[in-house]
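Enquirer: Starting from the known structure of chain S, arrange chain H on it as the hints suggest.
Residue numbers (our numbering), protein chains in the order written: chain S, 1 to 338; chain H, 1 to 338.
Simulated from the structure, these hints should not be mistaken for laboratory data. Careful: at least some of the hints might be erroneous.
Since copy identity is lost for identical chains, a pair holds within one copy or between any two.
[Stated by the list, open to error] List of simulated lysine-lysine pairs, BS3-like, C-alpha gap at most 27 Å:
id	residue 1	residue 2
1	LYS329	LYS162
2	LYS133	LYS21
3	LYS133	LYS259
4	LYS44	LYS21
5	LYS136	LYS259
6	LYS277	LYS259
7	LYS21	LYS259
8	LYS136	LYS162
9	LYS136	LYS329
10	LYS58	LYS21
11	LYS162	LYS21
12	LYS136	LYS277
13	LYS58	LYS44
Here is how the chains run, residue by residue.
There are 2 protein chains.
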Amino acid sequence: MEIVRPYLLFLGDVPDSLAAKTALGIVDWRPEWCLGQLRLPGCKADAGIPDMSIAEAKAAGVRTMIVGAVNAGGVLPDHWVATIVEALDAGLDVASGLHSRLADNPAIRDAARRTGAALHDVRHSSERFATGKGTKRPGMRLLTVGTDCSVGKKYTALALEKEMRAAGFDADFRATGQTGVFISGRGVAIDAVVADFISGAVEWIAPAADPSHWDLVEGQGSLFHPSFAGVSLGLLHGAQPDAFVVCHEPTRTHMRGVKHPLPSIREVIDLTVACGKLTNPAIRCVGIAINTASLGNDEARDVLARTTAEYDLPAVDPIRTGVAPIVAKISSLFGSSG
Amino acid sequence: MEIVRPYLLFLGDVPDSLAAKTALGIVDWRPEWCLGQLRLPGCKADAGIPDMSIAEAKAAGVRTMIVGAVNAGGVLPDHWVATIVEALDAGLDVASGLHSRLADNPAIRDAARRTGAALHDVRHSSERFATGKGTKRPGMRLLTVGTDCSVGKKYTALALEKEMRAAGFDADFRATGQTGVFISGRGVAIDAVVADFISGAVEWIAPAADPSHWDLVEGQGSLFHPSFAGVSLGLLHGAQPDAFVVCHEPTRTHMRGVKHPLPSIREVIDLTVACGKLTNPAIRCVGIAINTASLGNDEARDVLARTTAEYDLPAVDPIRTGVAPIVAKISSLFGSSG
Numbered sequence: 001m002e003i004v005r006p007y008l009l010f011l012g013d014v015p016d017s018l019a020a021k022t023a024l025g026i027v028d029w030r031p032e033w034c035l036g037q038l039r040l041p042g043c044k045a046d047a048g049i050p051d052m053s054i055a056e057a058k059a060a061g062v063r064t065m066i067v068g069a070v071n072a073g074g075v076l077p078d079h080w081v082a083t084i085v086e087a088l089d090a091g092l093d094v095a096s097g098l099h100s101r102l103a104d105n106p107a108i109r110d111a112a113r114r115t116g117a118a119l120h121d122v123r124h125s126s127e128r129f130a131t132g133k134g135t136k137r138p139g140m141r142l143l144t145v146g147t148d149c150s151v152g153k154k155y156t157a158l159a160l161e162k163e164m165r166a167a168g169f170d171a172d173f174r175a176t177g178q179t180g181v182f183i184s185g186r187g188v189a190i191d192a193v194v195a196d197f198i199s200g201a202v203e204w205i206a207p208a209a210d211p212s213h214w215d216l217v218e219g220q221g222s223l224f225h226p227s228f229a230g231v232s233l234g235l236l237h238g239a240q241p242d243a244f245v246v247c248h249e250p251t252r253t254h255m256r257g258v259k260h261p262l263p264s265i266r267e268v269i270d271l272t273v274a275c276g277k278l279t280n281p282a283i284r285c286v287g288i289a290i291n292t293a294s295l296g297n298d299e300a301r302d303v304l305a306r307t308t309a310e311y312d313l314p315a316v317d318p319i320r321t322g323v324a325p326i327v328a329k330i331s332s333l334f335g336s337s338g
Numbered sequence: 001m002e003i004v005r006p007y008l009l010f011l012g013d014v015p016d017s018l019a020a021k022t023a024l025g026i027v028d029w030r031p032e033w034c035l036g037q038l039r040l041p042g043c044k045a046d047a048g049i050p051d052m053s054i055a056e057a058k059a060a061g062v063r064t065m066i067v068g069a070v071n072a073g074g075v076l077p078d079h080w081v082a083t084i085v086e087a088l089d090a091g092l093d094v095a096s097g098l099h100s101r102l103a104d105n106p107a108i109r110d111a112a113r114r115t116g117a118a119l120h121d122v123r124h125s126s127e128r129f130a131t132g133k134g135t136k137r138p139g140m141r142l143l144t145v146g147t148d149c150s151v152g153k154k155y156t157a158l159a160l161e162k163e164m165r166a167a168g169f170d171a172d173f174r175a176t177g178q179t180g181v182f183i184s185g186r187g188v189a190i191d192a193v194v195a196d197f198i199s200g201a202v203e204w205i206a207p208a209a210d211p212s213h214w215d216l217v218e219g220q221g222s223l224f225h226p227s228f229a230g231v232s233l234g235l236l237h238g239a240q241p242d243a244f245v246v247c248h249e250p251t252r253t254h255m256r257g258v259k260h261p262l263p264s265i266r267e268v269i270d271l272t273v274a275c276g277k278l279t280n281p282a283i284r285c286v287g288i289a290i291n292t293a294s295l296g297n298d299e300a301r302d303v304l305a306r307t308t309a310e311y312d313l314p315a316v317d318p319i320r321t322g323v324a325p326i327v328a329k330i331s332s333l334f335g336s337s338g
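If we strip away everything but chain S, and leave its shape as in the complex, we get:
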């Protein structure tokens, strides 16, 4: 799946920014790919880029309209269909992060057939994967792992991509979730792959590369999350990372959606090394990324200093402090840019 750029972001008429977080994430990380947004009357979200009609987007060079918002339930509202059909008829591809498939709507399916446009459903994988082989591939890889879901694994991988590129590294973010796929234009929502092919799909996402190239692989879930640990383990084995960063949210008391307490950062490091060495015996932790958004400045500084001391590893907040100390650690351990 390769989503052609640039994008028009379709926000529908969602009631708040949270419902448009996919679109907002794309603009955050790839503003240069997003020429405009299309909002229906009543839309309360705003990606902060020019409003455009489909005709204007087409004239500006847009190639794909991204359905970058979700209504409750993740299904496609009937009153969004006309806009999607209009985009297809104008010659645009359409990519969606909804649970329901675009082609399951007859009007959309017919329009795509008529125009020959591509429909991308990034929550569904049409790619046929092999099972994972576990054989070491050339190229360097870093995986972000977590003490829980939704603790900043995607953000950290993207921040590392930006910082490493600025430092001269040849580095690419590798997407394993839907927003990440839109941000990289390629990838697979790994949690939607058939279970037998989790590690095989990750081997496809982060293939053999130049020995000095770094893949920055977006992690999913947590080895300690009772709902999703299988996905996290297949991802770890498929990514065969040389390095990993543990992501953590210090004020969270329970893992997302279940009653289990969070594991400690130490437990995550130890189990990630114990399991990860199966496909990369040299795996090691190179840093800790802490989301301190809910802490004051002093408290945040304390938490980061304490964590740095406790683990003898750079502990950063990718938003508040940036990830430069982790990139410095990578340079010192593995050598600097190619």
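Expert: This is chain H only, laid out in the frame that chain S set:
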């Protein structure tokens, strides 16, 4: 998915017993469910039960014809279709373990529509699962785990079911693979489930039960297999076993399909406990099942005695020695039958 019994086993015209191993496995464990076999001219497999036409099977009370053989590639040969359509027209359901879906064949789909019969593709799950919750459910559970794929996990779970029932336990085999689903009449091929729902599907397979009831859950893969460990971990978390048995094949030098060496039994015990305690802190190993088929009598006896001594746990070969020592261990640890 509930497959109604009794069965007629369709063996097609496969060239050897290996290609009919699903059918042979069903007859081994559920002879009372298998009224007959249907073989096409040239079939070299034999389930050792009466040959029957579809009319004879119908008259004998058969409810479902099982496509219990595979040709190379796992697809449905064209010359098997007429027999399947004949079975549907006679009012039988049809269940298949092939990779291709029965309903993808137009003649089969039309016949099923015409007769209202059920088509079961056990390699594909039509059930909608929730994500796993990880909450402790009442009832006792045992999971068979392995040092590799194909080391006797299904056989061991079925042997334990038989032995525990004979000892007065209320115990049920729970299937997680295709042959197991035919043997239990219910279950899910867990490796065919979407990755996000592995542990949730297992929570459905082995639901809350009477506190003294034992689910004997068929394991899949290995936590140390780089292709399938994600499936194994989701299965472990969903099964939340009180007890587990490690299955092992002592002459195997590499894990199936990859270049990795086998882990030791000790490594499997330690990682299974480390990960399994997330959903059941009381998890413990209760025995070791070793497939000694390729060893002589003396050598087999030595391996079992040495393993028993090394781990201070009953080590058995389910075929050569039976699993009674493991059932005795379960009785001593958890109390005997209800």
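Enquirer: Each of the hints needs a verdict: does it hold here or not?
Expert: Outcome of the hint check:
1. LYS329 / LYS162: within (16 Å within a copy, 57 Å between copies)
2. LYS133 / LYS21: between (35 Å within a copy, 26 Å between copies)
3. LYS133 / LYS259: Result: close only across copies, 8 Å inter versus 35 Å intra.
4. LYS44 / LYS21: Only inside one copy: LYS44 and LYS21 sit 12 Å apart there, 59 Å across copies, limit 27 Å.
5. LYS136 / LYS259: between (37 Å within a copy, 11 Å between copies)
6. LYS277 / LYS259: between (30 Å within a copy, 14 Å between copies)
7. LYS21 / LYS259: within (26 Å within a copy, 42 Å between copies)
8. LYS136 / LYS162: Within one copy only: 26 Å inside a chain, 43 Å across chains, cut-off 27 Å.
9. LYS136 / LYS329: Answer is within: at 23 Å inside a copy they meet the 27 Å cutoff, but 42 Å across does not.
10. LYS58 / LYS21: within (24 Å within a copy, 58 Å between copies)
11. LYS162 / LYS21: within (20 Å within a copy, 53 Å between copies)
12. LYS136 / LYS277: within (11 Å within a copy, 31 Å between copies)
13. LYS58 / LYS44: Answer is within; shortest intra-copy Cα gap is 24 Å, inter-copy 63 Å.
Of the numbered hints listed earlier, not one is contradicted by the structure.
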